[in-house]
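K.L.:
Below, each chain spelled out in residue letters.
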Amino acid sequence: MEYLVASAIGLTTAVGVYLVLRPHSFPVVIGMALLSYAVNLFIFAMGRLVVHQPPVLQPEATGYADPLPQALVLTAIVISFGMTALFVVLAMRGYLESGSDRVDGRGRRTPPAVEETR
Amino acid sequence: MTLALIALIPLLGACLPPLTTRSSRTVTAWAAAAPTLLALLILAAQAPAVFGGEVVRTSAEWVPRIGLSFSFMLDGLGLFFAGLILGIGLLIIAYARHYLGRRDPIGRFYAYLLLFQGAMVGIVLSDNILLLVVFWELTSLSSFLLIGYWNHLPEGRQGARMALVVTGGGGLALLAGMLLLGQAAGSHELSEILARGEEVRASPLYMPALLLVLLGAFTKSAQFPFHFWLPHAMAAPTPVSAYLHSATMVKAGVFLLARLWPALAGTDAWFVLVSLTGLATMLVGAWIALFKDDLKAILAYSTVSHLGMMTMLLGFNTGIAVIAAVFHILNHATFKAALFMSAGIVDHETHTRDIRKLGGLYWLMPVTGTLALIAGASMAGVPLLNGFLSKEMMLDAAAEATLAGNGWVVATLATLAALLSVAYSARFVFGTFFGRPRTAFEHPPHEPPPGLWLPVAVLVVPVVAIGLLPGPLAGPIVEMTAAAVAGPAGLPPVKLTLWHGITPALVMSVAAFAGAALLLLLIHHVERARLRLWRPEAKAMFDATVAAAVAGARRLSGGLHTGSLPRDLGVIVLAILAVGLAGFLGATHAPGAREVQPTGIPALAAWVILVAACAGLAVAHRNRLLTLILTSVVGLIVSLAFLQFSAPDLAMTQISVEVVTTILLLLALNLLPKTTPAEPGTARKLRDGAIAAAAGLGAAALAFAAMTRDFETISTYHIEQSKPGGGGTNVVNVILVDFRGFDTFGEIIVLGIAALAIHALLATALRGAAARRLDAMRMGEVSGDAHPLMLVVATRVLLPLALTLAAYIFLRGHNQPGGGFIAGLIAAIALIMQYMASGHAWAAARARLQPLTMIGAGVLIAGLTGMGSWAFGRPFLTSTFGYFHLPIAGEVELASAMAFDLGVFLTVVGAVVLALSHIARVEQRAERSGHAPEDAALPPGPPTAAPRIGLRTPAYGRED
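Residue numbers (the numbering used here), protein chains in the order written: chain R, 42 to 159; chain L, 3 to 962.
Hints are computed from structural coordinates only; laboratory data are not their basis. Any given hint might turn out to be false.
[Unchecked claim] Footprint (simulated), chain L over chain R, 3 or more residues, beta carbon under 8 Å:
{"no.": "1", "stretch": "80 to 86"}
{"no.": "2", "stretch": "93 to 100"}
{"no.": "3", "stretch": "108 to 117"}
{"no.": "4", "stretch": "128 to 136"}
[To be verified] Every beta carbon over 12 Å from chain R, so not counted as near; a handful from chain L, in silico:
{"no.": "5", "residue": "157"}
{"no.": "6", "residue": "407"}
{"no.": "7", "residue": "703"}
{"no.": "8", "residue": "752"}
Note that CB positions come from ideal geometry on N, CA and C, so glycine has one too.
The whole structure should be built from the sequences, with the hints applied where relevant.
P.N.:
Printed below as a string of structure tokens:
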């Protein structure tokens, strides 16, 4: 199982990094989301993989998964939503202001179309 | 704390003059004079003790960890300088009242002046060297404001900036030097440092500390080669020049040399650096002064020269030179301030300071002329005036100094400087007040009001009195001050007398006068010779240096910050890879010993789906809708993984976040281009692919290595204490709201801030260029019904159910998987569904709680819950719980952590709803204009005629 999880983390990281390096805003947002998955999974995996032992206290439980990485990842998931939302809104506003969604500094800076036609 | 008051009263008093500007200018002047007078009185009350040999001290802690304390000390040197600063300050305040014009904002002037005065007094009274640096920088800043007081004049602004750059830069060097000095002496208290001179001089830090401190002192006191800023600072109003740039601020450097004399002086390095710098400054300043035509420029360079003389004397390492230096500081302060004010009067009356246009003024303004004549004669060193006495002592000390085995080099050069000093003094006085009278004045100049010449007269009185009776009048002050400078080393007996007999100094003095007479006779020849020499233009060099520094900084930041996100991110990823690789190569490697879990078919299937989704993403990322779907697939697999590996809370959170994120991105995609344009060239893709592959490989290897090793967890404590300490059986939730509640508190604040930023970005998006672009945006094919009835009904029926579910998840969270985060996400989804199904307007009109209010209330509730534990004398966020018997529900456990979780819940709901509903609102604008006629202009950029998705058409991604 560890092989699967480790390769999943690696693959998600790789695709995330590749998308983050694209010159347009939307793939960068998606790339950041993928990197968030990878990082969350990675931190979670630091508590090692444990099956059928959720950290909810029960008299008959034989052991518990490490709750600390879980608590860290739980807030990280919500924060990464906040981050994605902020990114995407920044990308939107930037696009609306400049008419270009490039993020490599080579975007065309055109005035809004209305000004061109009127 | 009486001592601190002497510095603090002017600092605080700086608020007074601006408050009185509606009254007459005299009232404003009194508002500035009152704090000065008060400080002077407090100082005078301390004087008897200091004259009695006592050192008055006061101390309070400020930042003890860095050795910064609010401690002051008053000894002879401090009393001497503080008296000069406050006394001359009072005269300057009176003078400025009449000098400044009606249009000059006089309240602001006095405020700056008092600020400077307080800072300056702070320097001379500080017992802590770091505190001294603080006041030191404060004088640089207030002097900047004062030089640039006439900020409509470009010379004022440029001069102010130059002074700030030079003295502020020196201040930085001084700070570094003081820190090293503190290290060497083992204390930041001056009284300690001065007592440990031996230790300091023996320390390896002595040289660097000395160089840095000298850099600070030399820049402040305009020593060669930093002398160039002082003449440019003369763009300030004359009261400022008289006060800061002759009597006080420029003496701060000299003061510092005197203050640290017992700790730093006495070595060869001190002698060479200090006395030679002083000598060079004395000569250069006097030489330039002789050829200046502007009265204030003559005085400025003369000040440079005299400051050089004081520096040189302090560099001689002898007690007799220290006495001469102290005596000259006193004398120079009197005659030079008087001369500056006289120059100001001339400027005020004739509207020019050009000596070529002046002459014969003595007969038009005899009082001013007489006063200037006396002060000028003192500057030249004419007998029976105080300038003569200290000059004699200087020549005396110079005659004794030997440089590299030569007994006459210093003496000759000092005599030459004295010669030049006589020459420029004579030129100043005779060129202005005597000689051919000029008639080309617009308004015939006349004697100014007494308010202008009285302060000058007050200063000329000691010039004559000390000159005649040096022993009784100046003796005690000089002795007290010089003793404080010399410190434990002690002094030879101080004898200030008019007549010493025929000494070498007298011979040198006579030679100087004779030489000056000759020089003035031949001045035109000398001038012509000088003009043929290369003369460095300090301002041009300074400007070129500043311009080069600015250009360099611009090039550097331009090169680093290209505005290309991929480039920056690429650098970051490569840096991480390099660090990781270095760590990997520098360690030993062995396979992990932990047992590997068996792989089941379902897990393998999920893995295959994930791999396929990732591959799809990498290949087809230009189709943005497909990208979005594939990303959700990855998210679902991740939540399944959480579920598989005993993390039900995470699985629930992930899946609800997944829903919200997908809606968010769908909404955003509506306003963004639907496809990414193709990138030209494969080289870049290959390069990025290589970076990505390396990063993925590293992450996978690291994760695998960690997972196949056993480890010691610190969570045993959390599991054990969850029930008895936190009152809940869901350990993850207890950690979130209890053990690590402070973290969670910070995180909801971050979430709230992100939501506020979104609010700020989108609330303003309906104006300006963005709004015009929205108006021009043509939405794609629109489905027939904006709000399908089925969806509307279904979501409205579901709303109470969803909210009930959220409440259930919230309540059980402490003991079973659930809690504020998950419940908040579920509630937010339920609310967002209303916005989607029934439209933004309908939903917003019915929303009782605004999202912004919810965020604020959430953070507030969480914070207040945390603070509640203060009431019981416990630290922030200490939780408590108890069991209560309720009528119907039975035994119920209530924990204070639940109130905290409520705060989390509200913040999450608010943040999510805010982000999504705001995007929806912006979209409405585009939708309304979607009905625009067909010939409406298309927006530039990629066409938007891709499938319409989002708010109005619930059928996602209808292909056209």
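K.L.:
All hints are to be evaluated individually against the structure, with a verdict given for each.
P.N.:
Right, here's what the structure says about each hint:
no. : hint       : in the structure
1   : 80 to 86   : holds (count 5)
2   : 93 to 100  : holds (count 7)
3   : 108 to 117 : holds (count 7)
4   : 128 to 136 : holds (count 7)
5   : 157        : holds, 40 Å
6   : 407        : holds, 66 Å
7   : 703        : violated, 8 Å
8   : 752        : violated, 6 Å
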